[in-house]
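Asks: Model the full structure from these sequences, guided by the hints.
Heads up: the sequence shown begins at 2 in our numbering, then just goes up one per residue.
Please keep in mind that the hints were generated in silico from the structure rather than gathered at the bench.
Please read all numbers here as calculations on a predicted model, not as lab measurements.
Do not take every clue at face value.
[Said to hold, decoys possible] Calculated lysine-lysine pairs in the DSS-like style (CA-CA distance at most 25 Å, straight line):
1) K46 <-> K72
2) K61 <-> K38
3) K72 <-> K38
4) K118 <-> K61
5) K61 <-> K72
6) K61 <-> K126
7) K22 <-> K38
8) K46 <-> K118
9) K22 <-> K72
[Claimed, not checked] Just the calculated beta-carbon pair ranges, DEER-fashion:
10) A24 <-> E62: 31 to 37 Å
11) P45 <-> R112: 28 to 34 Å
12) P142 <-> W42: 27 to 33 Å
13) R100 <-> Q49: 20 to 26 Å
14) G21 <-> K61: 22 to 28 Å
15) G21 <-> P134: 39 to 45 Å
16) A110 <-> A139: 30 to 36 Å
17) A52 <-> S130: 36 to 42 Å
Cβ coordinates follow ideal geometry from the N, Cα and C atoms, glycine included.
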Amino acid sequence: MTPEEALAFVREQGVVLVSGKGAVPRLTEVIVGGPIKGSWWGHPKSHQIFAILQAVTHSKEILVCRLVDGKVTLVHRRLWPALVRIAGRFPPDRIAQVREEHLPSGQHATRLVPFSKWVPIEVRKEAESISEPEALAALGPWTLVPDPSSKQPRRKWRAA
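Replies: As structure tokens, then:
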């Protein structure tokens, strides 16, 4: 699989997990063509997986966040307006952009960019043109999306 093919897969699916188990496909398994036992770092194709993940996660078409079950999730640009439209239904940490940074010391650090800071203006405008039911339909059943106005107690965030 090439980085372009992986990006096309994310575009088609809309939402995928990098490697965690959940209700949406795992990109690491798509890259190698089957299930991975244990960590993908120990897989014979780990170098290929890493290179493809780097290319996909650095694409301007991809939001890296922890939307599905708090696991590293890739959301394609085509779904950003829907996500923006119903953003209030998600905990802030789930829709924050996850960025990996290289520190001068050589270490890696993860930084969360708040939702309000990563959303482009044009995406906000697109979000205004869709209804909440349209946004929910676009996102599909891959995640539990509670209504914050509901009087029911909050449920644990889990994939549907």
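Asks: Hint by hint, say whether it matches the structure.
Replies: Structure-based check of all given hints:
For the suggested pair K46 and K72, the alpha carbons sit about 22 Å apart, so the restraint of at most 25 Å is met. About 30 Å separates the Cα atoms of K61 and K38, which puts this hinted pair outside 25 Å; it is violated. Between K72 and K38, the direct Cα distance comes to roughly 18 Å. Compliance with the 25 Å bound is thereby established for this hinted pair. Note on K118 and K61: the hinted pairing holds, with a Cα-Cα distance of about 15 Å set against a maximum of 25 Å.
Distance check on the hinted pair: K61 and K72 sit about 20 Å apart at the alpha-carbon level, within 25 Å; holds. Simply put, K61 and K126 have alpha-carbon atoms about 18 Å apart, close enough for the 25 Å limit, and the pair holds. Among the hinted pairs, K22 with K38 is consistent with the structure: their alpha-carbon atoms are about 12 Å apart, no more than 25 Å. For the hint linking K46 to K118, the alpha-carbon distance of about 35 Å lies beyond 25 Å, and the restraint is violated.
Using a Cα cut-off of 25 Å, the hinted pair K22 and K72 holds, with the two alpha carbons roughly 8 Å apart. The given range of 31 to 37 Å is broken by A24 and E62, whose C-beta atoms sit roughly 22 Å from each other. At roughly 31 Å, the beta carbons of P45 and R112 sit within the given window of 28 to 34 Å. Distance hint check: the CB atoms of P142 and W42 are about 31 Å apart, consistent with the given range 27 to 33 Å.
Judged by the Cβ atoms, the range 20 to 26 Å given for R100 and Q49 holds: they are separated by roughly 23 Å. Distance hint check: the CB atoms of G21 and K61 are about 24 Å apart, consistent with the given range 22 to 28 Å. In this structure the hint that G21 and P134 lie 39 to 45 Å apart at CB is violated, the actual value being about 29 Å. The hinted range of 30 to 36 Å is satisfied by A110 and A139, whose Cβ atoms lie roughly 33 Å apart.
Between A52 and S130, the C-beta spacing of about 37 Å keeps the proposed range 36 to 42 Å intact.
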